[in-house]
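Undergrad: First to last, the sequence lines map onto chains A and B. Be aware that the first sequence starts at 1, since it is given in the working numbering, and climbs by one per residue. Be aware that the second sequence starts at 1, since it is given in the working numbering, and climbs by one per residue.
Hints are computed from structural coordinates only; laboratory data are not their basis. Worth double-checking, as some hints may not be accurate.
Said to hold, decoys possible - Residues of chain A clear of chain B, computed beta-carbon distances all greater than 12 Å: (1) E15; (2) L50; (3) P51; (4) P78; (5) R98; (6) T139; (7) K157; (8) L158; (9) D159; (10) M160.
To be verified - Derived CB-CB ranges, DEER-like: (11) B:A62 - A:H77: 18 to 26 Å; (12) A:R12 - B:P77: 25 to 33 Å; (13) A:K136 - B:P150: 25 to 33 Å.
To be verified - On the chain A side, residues computed to face chain B include the following (Cβ under 8 Å): (14) G23; (15) T34; (16) S36; (17) D71; (18) L129.
Small disclaimer: the values here were computed from a predicted structure and weren't measured. By construction, the Cβ of each residue, glycine as well, lies at the ideal position given by its N, Cα and C atoms.
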Amino acid sequence: MKEQEKPKSEERLAELMRAACNGDQQAYRTFLLTVSPIIRGVIRAKAGGLPNETQEDILQDVLFAIHSKRDTWRQDHPIKPWFYAIARYKIIDAFRSRGRADFVDIDDFSDSIAAPQEEEGSEMDTETLVTKLPKKQQTVVRLIAIDGLSIKDAALKLDMKETAVRVNFHRALERLRELGKE
Amino acid sequence: MKTDQFIDLLAKDQVVEKLPKLGLYYLAGALLLLGYTYYLYASSGMGVRADYSESIVHFLVAVKQILPLGLAFLAFPFLRELLYPETRWKQRMRLPVTLYVASMVALFVYAWVTTEPELRMMAFVGKSSVKCLVTIPIYSFLVMLITFIPMRKFAPGDPKHAAMMGAVVAVGISAAIYAFGCDEDSPLFYAVWYNVGMTFAALVGGFFGYKLLKW
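Looking at chain A on its own, in the form it has when it is part of the complex (with noise of 0.2 Å):
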């Protein structure tokens, strides 16, 4: 990445997610995507050995982990420190976990080449995942994930408070997660 580019792109990550946090779903969708191919070249890069789905699995978990603490980011302060920084906490717990050792550093983040997603063919898809649900967090995910209804608009249709439409469809994903790697 040249030079002058770097605060550029620092600029407009941290302008994705103050948007994000301000409710802007696709500016939190475009943060997501930009930051996806980083993490993936850094454990890519220190993950040799690891087969593609094991990788993309840690991935989505350092994604998850990016996403549940989105309000640990303090909007004066630099964005790449802070997501990096919950990067390689997940990525050395995930390491850890599959009993490898390896050292992660943060300058791995600003070093690595960023690597997009490859086709792989045996990942469940988020149909046959949701099926596996209990049945409130099924109903939840499909009507906001699969037919695209607001939290608000999901809240009317299930005649229950946009708080408790809320909670439902974050625990789905946290059990999407769990079921992804089984």
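With the hints as your guide, set chain B onto chain A.
TA: Leaving out everything else, chain B in the frame of chain A:
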């Protein structure tokens, strides 16, 4: 699940929780202990020493509360920093504990030199070392229980040091509140027994806190 599909799901999950104001939880812990101290005083005359208002004007009595409280106040900003993922442990974060220990050592040496030799052992042993060793840790664990649970909403990049720092703040507050009822005024006593109790509580709290703060 393909990562792109997973990202689509994440993007729709728009729950952004506000992080807890940790200071309020420590304050709640302190108020709870103060409330209990007042209850003891009101119901049985214990909890607050009978001559508190007369004795607190003396320097060696006042520092029993000022120093642990100072430790808690100095450690708290470092704790807040350590709860964020990008903060790494730095040498300067040892400062609150270093200053506190140095002060206690200086007070002990001062008391040793100024206390008559035949009175030193009595001052050192005191009458309430066991009470001190039991009460300070119990108070500390109560404060840690109230504060470590909300701390889990954060994402400390170094949970071990974050937990230790959280425990240090808790023991500082607890020792300061315990001192309301303590009539052992010699630094030969409190520079040792308070700190044994505080160290034990901090180590146990740090150990279990670390397990709690891992994410």
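Undergrad: Look at each hint and say if it fits the structure.
TA: Consistency of the hints with the structure:
no.: 1; hint: E15; verdict: 16 Å, holds
no.: 2; hint: L50; verdict: 16 Å, holds
no.: 3; hint: P51; verdict: 15 Å, holds
no.: 4; hint: P78; verdict: 8 Å, violated
no.: 5; hint: R98; verdict: 17 Å, holds
no.: 6; hint: T139; verdict: 14 Å, holds
no.: 7; hint: K157; verdict: 15 Å, holds
no.: 8; hint: L158; verdict: 15 Å, holds
no.: 9; hint: D159; verdict: 20 Å, holds
no.: 10; hint: M160; verdict: 14 Å, holds
no.: 11; hint: B:A62 - A:H77: 18 to 26 Å; verdict: 39 Å, violated
no.: 12; hint: A:R12 - B:P77: 25 to 33 Å; verdict: 31 Å, holds
no.: 13; hint: A:K136 - B:P150: 25 to 33 Å; verdict: 27 Å, holds
no.: 14; hint: G23; verdict: 6 Å, holds
no.: 15; hint: T34; verdict: 10 Å, violated
no.: 16; hint: S36; verdict: 6 Å, holds
no.: 17; hint: D71; verdict: 5 Å, holds
no.: 18; hint: L129; verdict: 6 Å, holds
Hint violations for this structure: numbers 4, 11 and 15, all remaining hints satisfied.
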